[in-house]
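A.B. asks: Sequence:
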Amino acid sequence: MTPFISSLSQGVLQGLTEYLPVSSSAHLAIFQHVTGNGEAGLAFDLVLHVATVCSTLVYFGTDIVRMLFEFFRGFRMPVGQKSDGWYFGWAVIFGSVPTAIIGLLLKPFVERIGASMAGVGGALLVTGVLMLILAVVPAGTRKICVSIGLIVGIAQGIAVIPGISRSGATLVAGVLCGLSAAEAFRFSFLLSLPAITGAAVLELRHAAGAGVSLPEGWLYGALLAFVSGLIALYVLHRAILRGRWWIFALYCGALGLVALLWL
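Here our numbering is used: position 3 in the sequence shown is 3, and no number is missing along the way.
The set of hints was computed from the structure by calculation and includes no laboratory data.
Among the hints, a few may not be true.
[Stated by the list, open to error] Quick list of simulated restraints, FRET-style, between CB atoms:
(1) Ser116 <-> Leu57: 30 to 36 Å
(2) Leu202 <-> Val58: 19 to 25 Å
(3) Met77 <-> Ala254: 49 to 55 Å
(4) Thr2 <-> Val201: 29 to 35 Å
(5) Val58 <-> Thr2: 26 to 32 Å
(6) Thr35 <-> Pro108: 22 to 28 Å
(7) Arg66 <-> Arg244: 25 to 31 Å
(8) Val65 <-> Ile101: 26 to 32 Å
(9) Met77 <-> Leu202: 35 to 41 Å
C-beta: ideal position from N, C-alpha, C; glycine also.
Required output: the full structure, derived from the provided sequences and hints.
C.D. replies: Okay, structure coming up:
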């Protein structure tokens, strides 16, 4: 596979799997194993992360602006402390803490698991089970709060393991805490912004030390990551509204078995 085609492929792969509950890290590991291309490089990983963050900002732009306004208004007026933005803001802040701690603690094991197709396959099977849980657990009516933010943040930290879907783990955690599927979806992706941005900053530090090297077609790959990220968010939102989690469960289960038995 030429570097140009590889850049395009990884852009689409990153955009689609970053948000669909199928694990982007597992797909990247399988892609590299099958094609033999190896890693695209820290600089390109950083570009793809920035592209997917941008797709989140665009998709949730109205929500983000409104919640930021409500959150900061809460410091000035007591009435603002009863708004969704106030509760979401604190839940994102406190939820990001366990994500960072767990992510850093698991980092030494992540590369080892990602290099093992058996490890990736097993983790994908776990993600498939998570999707089945979403299919059978009834949605609740609780509102977001700091305690739910902490629990969902823990789930997001554990999802650093290749094969465990970040969106899948956080959606399950939110629904099990009593959130509606739509509320869990919204919080999951607002909580992802600090996590993905933090990961990008860490990659920027490593890339700066190693020197910047971008592959041929990197800009097209980034654009595809952005567009496919928007598509993935739309598809997942529609799946949530229709409750079609079993599709993702079957997909993760099948891919997990392929990784375990044939790769």
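A.B. asks: Does each hint fit the structure? Answer for all of them.
C.D. replies: Against the structure, the hints come out as follows:
| no. | hint | in the structure |
| --- | --- | --- |
| 1 | Ser116 <-> Leu57: 30 to 36 Å | 34 Å, holds |
| 2 | Leu202 <-> Val58: 19 to 25 Å | 24 Å, holds |
| 3 | Met77 <-> Ala254: 49 to 55 Å | 52 Å, holds |
| 4 | Thr2 <-> Val201: 29 to 35 Å | 31 Å, holds |
| 5 | Val58 <-> Thr2: 26 to 32 Å | 30 Å, holds |
| 6 | Thr35 <-> Pro108: 22 to 28 Å | 26 Å, holds |
| 7 | Arg66 <-> Arg244: 25 to 31 Å | 28 Å, holds |
| 8 | Val65 <-> Ile101: 26 to 32 Å | 29 Å, holds |
| 9 | Met77 <-> Leu202: 35 to 41 Å | 37 Å, holds |
Checked against the numbered hints above, the structure violates none of them.
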